[in-house]
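Line by line, the protein sequences give chains A and B.
Positions in the first sequence are counted from 1; adding 3 to them yields our numbering.
Positions in the second sequence are counted from 1; adding 3 to them yields our numbering.
Derived from the structure by calculation, the hints contain no laboratory data.
Don't take every hint at face value.
Copies of the same chain are indistinguishable here, so a pair counts whether it falls within one copy or spans any two.
[Said to hold, decoys possible] Straight-line distance between alpha carbons at most 30 Å, and here's what the computed DSS-like set of lysine-lysine pairs gives: (1) Lys213 <-> Lys193; (2) Lys213 <-> Lys332; (3) Lys213 <-> Lys194; (4) Lys344 <-> Lys38; (5) Lys38 <-> Lys213; (6) Lys332 <-> Lys38; (7) Lys332 <-> Lys344; (8) Lys332 <-> Lys194.
There are 2 protein chains.
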Amino acid sequence: VRAEDAAGARQICDDLHAADMADLLQVLPARERRKLLNLIQSDIDPELFHEIEGEARGDLYEITPNTQIADAVTELETDEAVYVLEDLRDEDREEVLRALSADDRVAIEESLSYPEDSAGRLMQRDLIALPEFWTVGQTIDLLRSDDADIPDDFYDIFVVDPAHKPVGTVPLSRVMRNQRGVALGHIMEKKPHVIEATADQEEVAYAFTKYHLISAAVVDESQRLVGVVTVDDIVEVIEEEAQEDILALAGVGESASVNESLFEVTRGRFTWLLVNLATAVLASVVIGLFDAAIEQMVALAVLMPIVASMGGNAGTQTMTVAVRGLATKELSATNAARILKRELMIALGNGVLLAVISGLLAWLWFGSPGLGGVFAAAMIFNLLVAGMFGLLVPMGLARVGIDPAIASSVFVTTITDVIGFFAFLGLAALWLF
Amino acid sequence: VRAEDAAGARQICDDLHAADMADLLQVLPARERRKLLNLIQSDIDPELFHEIEGEARGDLYEITPNTQIADAVTELETDEAVYVLEDLRDEDREEVLRALSADDRVAIEESLSYPEDSAGRLMQRDLIALPEFWTVGQTIDLLRSDDADIPDDFYDIFVVDPAHKPVGTVPLSRVMRNQRGVALGHIMEKKPHVIEATADQEEVAYAFTKYHLISAAVVDESQRLVGVVTVDDIVEVIEEEAQEDILALAGVGESASVNESLFEVTRGRFTWLLVNLATAVLASVVIGLFDAAIEQMVALAVLMPIVASMGGNAGTQTMTVAVRGLATKELSATNAARILKRELMIALGNGVLLAVISGLLAWLWFGSPGLGGVFAAAMIFNLLVAGMFGLLVPMGLARVGIDPAIASSVFVTTITDVIGFFAFLGLAALWLF
Numbered sequence: 004v005r006a007e008d009a010a011g012a013r014q015i016c017d018d019l020h021a022a023d024m025a026d027l028l029q030v031l032p033a034r035e036r037r038k039l040l041n042l043i044q045s046d047i048d049p050e051l052f053h054e055i056e057g058e059a060r061g062d063l064y065e066i067t068p069n070t071q072i073a074d075a076v077t078e079l080e081t082d083e084a085v086y087v088l089e090d091l092r093d094e095d096r097e098e099v100l101r102a103l104s105a106d107d108r109v110a111i112e113e114s115l116s117y118p119e120d121s122a123g124r125l126m127q128r129d130l131i132a133l134p135e136f137w138t139v140g141q142t143i144d145l146l147r148s149d150d151a152d153i154p155d156d157f158y159d160i161f162v163v164d165p166a167h168k169p170v171g172t173v174p175l176s177r178v179m180r181n182q183r184g185v186a187l188g189h190i191m192e193k194k195p196h197v198i199e200a201t202a203d204q205e206e207v208a209y210a211f212t213k214y215h216l217i218s219a220a221v222v223d224e225s226q227r228l229v230g231v232v233t234v235d236d237i238v239e240v241i242e243e244e245a246q247e248d249i250l251a252l253a254g255v256g257e258s259a260s261v262n263e264s265l266f267e268v269t270r271g272r273f274t275w276l277l278v279n280l281a282t283a284v285l286a287s288v289v290i291g292l293f294d295a296a297i298e299q300m301v302a303l304a305v306l307m308p309i310v311a312s313m314g315g316n317a318g319t320q321t322m323t324v325a326v327r328g329l330a331t332k333e334l335s336a337t338n339a340a341r342i343l344k345r346e347l348m349i350a351l352g353n354g355v356l357l358a359v360i361s362g363l364l365a366w367l368w369f370g371s372p373g374l375g376g377v378f379a380a381a382m383i384f385n386l387l388v389a390g391m392f393g394l395l396v397p398m399g400l401a402r403v404g405i406d407p408a409i410a411s412s413v414f415v416t417t418i419t420d421v422i423g424f425f426a427f428l429g430l431a432a433l434w435l436f
Numbered sequence: 004v005r006a007e008d009a010a011g012a013r014q015i016c017d018d019l020h021a022a023d024m025a026d027l028l029q030v031l032p033a034r035e036r037r038k039l040l041n042l043i044q045s046d047i048d049p050e051l052f053h054e055i056e057g058e059a060r061g062d063l064y065e066i067t068p069n070t071q072i073a074d075a076v077t078e079l080e081t082d083e084a085v086y087v088l089e090d091l092r093d094e095d096r097e098e099v100l101r102a103l104s105a106d107d108r109v110a111i112e113e114s115l116s117y118p119e120d121s122a123g124r125l126m127q128r129d130l131i132a133l134p135e136f137w138t139v140g141q142t143i144d145l146l147r148s149d150d151a152d153i154p155d156d157f158y159d160i161f162v163v164d165p166a167h168k169p170v171g172t173v174p175l176s177r178v179m180r181n182q183r184g185v186a187l188g189h190i191m192e193k194k195p196h197v198i199e200a201t202a203d204q205e206e207v208a209y210a211f212t213k214y215h216l217i218s219a220a221v222v223d224e225s226q227r228l229v230g231v232v233t234v235d236d237i238v239e240v241i242e243e244e245a246q247e248d249i250l251a252l253a254g255v256g257e258s259a260s261v262n263e264s265l266f267e268v269t270r271g272r273f274t275w276l277l278v279n280l281a282t283a284v285l286a287s288v289v290i291g292l293f294d295a296a297i298e299q300m301v302a303l304a305v306l307m308p309i310v311a312s313m314g315g316n317a318g319t320q321t322m323t324v325a326v327r328g329l330a331t332k333e334l335s336a337t338n339a340a341r342i343l344k345r346e347l348m349i350a351l352g353n354g355v356l357l358a359v360i361s362g363l364l365a366w367l368w369f370g371s372p373g374l375g376g377v378f379a380a381a382m383i384f385n386l387l388v389a390g391m392f393g394l395l396v397p398m399g400l401a402r403v404g405i406d407p408a409i410a411s412s413v414f415v416t417t418i419t420d421v422i423g424f425f426a427f428l429g430l431a432a433l434w435l436f
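Only chain A is shown next, with the shape it has when bound in the complex:
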């Protein structure tokens, strides 16, 4: 690239898979990326528009004329095309849509009419839907004919009734294993998994994982077959959702990829740090209540962060398990009471062990058995609080419709900090003076 060897660069890029090409562009520094994009601009693989992410994506869309984007969109499957169009500026999207054929435009506009992150956005509209009485032979003959509406890759044939409602699916392998005379209705899987076009992608991913689906029929509000979601899209959804949960738990927010714009990332993290500053001040106010005790005994100031930190860690442990349990549906209202008992027993077990260790430590360090006792008691108490609120906070948030991954950790660590400082300093003020 540095040598501006256009032909050489083009040659290398031609040999790369679109996914590898996207990786290369994302890793390059901004200036060289733009240079490379200008070099290869005229023969960009349509798949690249779909594979690329982050800042590199913005650059690619900016450099490519809208007519070329429209050509690429025509080559892509509906779901990929929708993904590309979602992120264009409004006026560019209009221009690209106008340049498409009427069929493509209608299909894409319909998909875009479904809410973001819904099955309607993920689905592909080209699919094979046939009536029950069709035979394996007729099916194969149809597939061999040169019909433009047949998708590139497909894994199931959908069997529909006269109202175009899905009544069964036939995996391709089953079509191939049966004689030409057999009717599809005879070999189909009845009660197919049907997904509403408005369903959230998280729900769709859950069904795919649970029932090991490869593709599933998508229906509109009148139960008519309108598209198909395939597992390769779901793999991306699962990665995305897990990523979101991890980052949300750490307070990084959504704009988290190492390729996002600097300003957005800073702002996203700042919000979280500001909230954390407010809660830390709250904990400090609690400490301020006991300034007289601390003045009398500086050891309290030395030990108090330990109680708060242990509570925070134990609370995070329980909270993370709870957030994941809610996401994977292992935790629900039906078994909440049992899980709470379990968490409290874990907290009690760990609390007693850690209290003994840390009580002895405080005694030896400051030569005061009373201080050791107060420290140990505060430790057990705070771990029990951590176990309880680590579970109840995410469950409560989920019940009122807030994503527990995003909001839980502020609440849980505030509670364990405040209660940790209060229990330790309060007990010390009561017992030691």
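Guided by the hints, dock chain B onto chain A, whose structure is given.
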């Protein structure tokens, strides 16, 4: 279940998909679960052995005689059978293996000989491998014949050379769309994605996600085709790995499902809390160095947890992004310097803003502009430290071969705690007295 209505319970369970049945068993309290298992014992769906998890899994294996497990294993695909056998006690596993047919036993023992979490364990051994010169017609005729070695579901036909090395793949949809006379070699996808049987499942999942694969050929050390990994297994791997990362970051360890045994969970979390206790003590030792300053000015004790907590949070933000960046390969040695600069700029931006806010706060609260200045300076400094080590710690751990998800947060929070207390109290001791 409570009414011991055996026939009724069996009826309901028969109608359930194995995955739903597994969910039901996992949610039931232990006593009722065992009762239900005893009721339905004689007609358990073989798939249930593969779907079930956690404590319920132990109960199911205990209640079912080994001969019945062997029957179920025969019904399952190789990869599912391996998954079931992995978790049996050694003597039970021997007994089940002995009860299998010689073919099945050899296949499963070979799979078990690959390391845990490797492609060899995930793969299924039944597959369709044909030479290049075979035609579409011959292929369909073979598939229609009643050959026991043909798997239930398959998505690609593998084309192999005379040495049984994979040279291409043909998606089923492409077989169906071509005339009977066309040779497979003519329509195959060349350069197929080939996976070594010893490859780690995380690598395999990465390739599936990146290249949108549905199935991929697995080869042994001499590059011969030995099995196939399908995307439904990969979906589970992705969920599992993301889950592991989330839980490891929170210090919960692997035994984390809400269905694990109480003792193991408590022990897993205890280890982490003990490590955290040690690092918290380290931070307290730093505080102890400045006890004279704290005695003179209790406000220091009130404010110091804020500096440490803000550093810890900012460090966790950077660290989480870095851990995920390493997992998704967005972060590597080639772009580390650029990302470090970026993180330091984010830290500086947020640090300055938060320092102004918190400096003013400390000034107003305690009426001392000097204290406000010290507080603000310590805040900026600690956020820069957090940004730097939040990135360098995970990268360093990954370089020496330690999973950054497991070990990073101890190091990062220890560093931000120690440096946070040291910077704030040290600057205060220097400037204020």
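Here is how each hint holds up against the structure:
Taking the shortest alpha-carbon separations for Lys213 and Lys193, only the intra-copy value of 18 Å comes in at or below 30 Å, while the best inter-copy value is 33 Å. In this homomeric assembly, Lys213 and Lys332 come within 30 Å of each other (Cα to Cα) both inside a single copy, at 11 Å, and across copies, at 28 Å. In this assembly of identical chains, the alpha carbons of Lys213 and Lys194 lie at most 30 Å apart only when taken from the same copy (16 Å versus 32 Å across copies). Taking the closest pair of Cα atoms, Lys344 and Lys38 come within 30 Å of each other only across two copies (22 Å); inside a single copy the shortest separation is 61 Å, beyond that limit.
When the C-alpha separation of Lys38 and Lys213 is checked against a cutoff of 30 Å, the pair qualifies only between copies, where the shortest distance is 25 Å, while the shortest distance within a copy is 46 Å. Proximity of Lys332 to Lys38 under the C-alpha cut-off of 30 Å is restricted to the inter-copy arrangement: shortest distance 23 Å between copies versus 48 Å within a copy. In the homo-oligomer, the alpha carbons of Lys332 and Lys344 lie at most 30 Å apart inside one protomer (19 Å), although the nearest pairing across protomers, at 40 Å, exceeds that limit. When the C-alpha separation of Lys332 and Lys194 is checked against a cutoff of 30 Å, the pair qualifies only within one copy, where the shortest distance is 23 Å, while the shortest distance between copies is 40 Å.
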